[in-house]
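Order-wise, the sequence lines are chains W and L. Per UniProt numbering: the first sequence = residues 1 to 186. Per UniProt numbering: the second sequence = residues 1 to 186.
Just so you know, not all the hints are guaranteed correct.
Put simply, identical chains are the same to the list, so a pair is met inside one copy or across any two.
As a list, the in silico SDA-like pairs of lysine to any residue whose alpha-carbon atoms are at most 20 Å apart [unchecked claim]:
hint	residue 1	residue 2
1	K52	P171
2	K52	S109
3	K52	A144
4	K42	D110
5	K42	L24
6	K52	D27
Derived by calculation from the structure, the hints in this document are not laboratory data. Note that this is a predicted model, so its numbers are computed, not measured.
What follows is the residue order along each chain.
2 protein chains.
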Amino acid sequence: MPASRNEQSRRAILDAAISMIGELGYDHISIEAIARQAGVGKQTIYRWWPSKGAVILEAATESLSAVVALPDTGDFVADIRTQLAAILELITTTGFGPAYRCLIAAGQSDPDLLRALFDRIIAPNIEDFRARTARAQQRGEMRADADWQTMRDLLYGVVEYRLIHAMPLEPEYLDGVLEIVFQGVR
Amino acid sequence: MPASRNEQSRRAILDAAISMIGELGYDHISIEAIARQAGVGKQTIYRWWPSKGAVILEAATESLSAVVALPDTGDFVADIRTQLAAILELITTTGFGPAYRCLIAAGQSDPDLLRALFDRIIAPNIEDFRARTARAQQRGEMRADADWQTMRDLLYGVVEYRLIHAMPLEPEYLDGVLEIVFQGVR
Numbered sequence: 001m002p003a004s005r006n007e008q009s010r011r012a013i014l015d016a017a018i019s020m021i022g023e024l025g026y027d028h029i030s031i032e033a034i035a036r037q038a039g040v041g042k043q044t045i046y047r048w049w050p051s052k053g054a055v056i057l058e059a060a061t062e063s064l065s066a067v068v069a070l071p072d073t074g075d076f077v078a079d080i081r082t083q084l085a086a087i088l089e090l091i092t093t094t095g096f097g098p099a100y101r102c103l104i105a106a107g108q109s110d111p112d113l114l115r116a117l118f119d120r121i122i123a124p125n126i127e128d129f130r131a132r133t134a135r136a137q138q139r140g141e142m143r144a145d146a147d148w149q150t151m152r153d154l155l156y157g158v159v160e161y162r163l164i165h166a167m168p169l170e171p172e173y174l175d176g177v178l179e180i181v182f183q184g185v186r
Numbered sequence: 001m002p003a004s005r006n007e008q009s010r011r012a013i014l015d016a017a018i019s020m021i022g023e024l025g026y027d028h029i030s031i032e033a034i035a036r037q038a039g040v041g042k043q044t045i046y047r048w049w050p051s052k053g054a055v056i057l058e059a060a061t062e063s064l065s066a067v068v069a070l071p072d073t074g075d076f077v078a079d080i081r082t083q084l085a086a087i088l089e090l091i092t093t094t095g096f097g098p099a100y101r102c103l104i105a106a107g108q109s110d111p112d113l114l115r116a117l118f119d120r121i122i123a124p125n126i127e128d129f130r131a132r133t134a135r136a137q138q139r140g141e142m143r144a145d146a147d148w149q150t151m152r153d154l155l156y157g158v159v160e161y162r163l164i165h166a167m168p169l170e171p172e173y174l175d176g177v178l179e180i181v182f183q184g185v186r
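This is chain W alone, in the form it adopts within the complex (with noise of 0.2 Å):
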């Protein structure tokens, strides 16, 4: 655990890599480059990640996990809005975006970096999901036989899609996802 001056190191590294990589993208900045515009040595990047795909994921994960919790008001569908309306804010006003697009795309020919993203983000998503779940069937919010790893990957996944493919992602857009996954198309 870095003390006081490392933790301002460390947050300055993660604030320079999520703010260059959604200028300059992923093939076009280096620890070099991060460790300038962050005003450390690049020994202090080495010291605490391997690389450069490191880095990049550990300041997706801190930049996700500042907004990322879903909230429990008692209203399952509202609170799946918040929490999705809060990563399409992230994903569409942020270096967020950016740096998860060039996650993914490493991570195609990276299995360890991909395998790294599914632990830091998604399997933690798929623990808070399961648990928030497990309150809306006892309250009946949603069937007690419904599926709700399928309906996880349906919701964040329809987001990623939209996002890999660079169609649009308003807000708007979830009361559509939300009334499908919710009501059904029947």
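Got chain W sorted already, so can you dock chain L onto it with the hints?
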């Protein structure tokens, strides 16, 4: 439109591209290697396609269009399941899955390729789905006011999401997806 001998070369090139990408990955194949495997000169490939990405995209598009027709038996759920099961089979047993993952990856830093992928693969799927949905709505298989565009994003997006994250894609998975999209979880 290539004549018959050209068509043979074209076929050999696309077959070589899709099989090599499954074995070697996008970064490790070259136009030269595809030409060698297809038994053509590399100028033949450059005459028809401007880049490696363009060859792979055409190979993926042809391989998908051979299986992807959305049937119309009068049972909309069964027809979607038939089509999605064929796509899963293609993804898991041929070079199409690796090729598609490579195109997604390359497309994140190549907007022209990403747009071409949309135009060649996603736009035809949207049009096909729109036409089939209109008939399903006329027959009462789905509500007239149900949002077919978001429904399509959910169905095909979740398959892509699981492919991109190297998550299992078993045909049984489709049952849960169709259950939620048609019935909802409420």
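So, going through the hints one by one against the coordinates:
no., hint, result
1, K52 <-> P171, "neither (32 Å within a copy, 37 Å between copies)"
2, K52 <-> S109, "both (15 Å within a copy, 16 Å between copies)"
3, K52 <-> A144, "neither (44 Å within a copy, 49 Å between copies)"
4, K42 <-> D110, "neither (23 Å within a copy, 29 Å between copies)"
5, K42 <-> L24, "within (19 Å within a copy, 33 Å between copies)"
6, K52 <-> D27, "both (10 Å within a copy, 19 Å between copies)"
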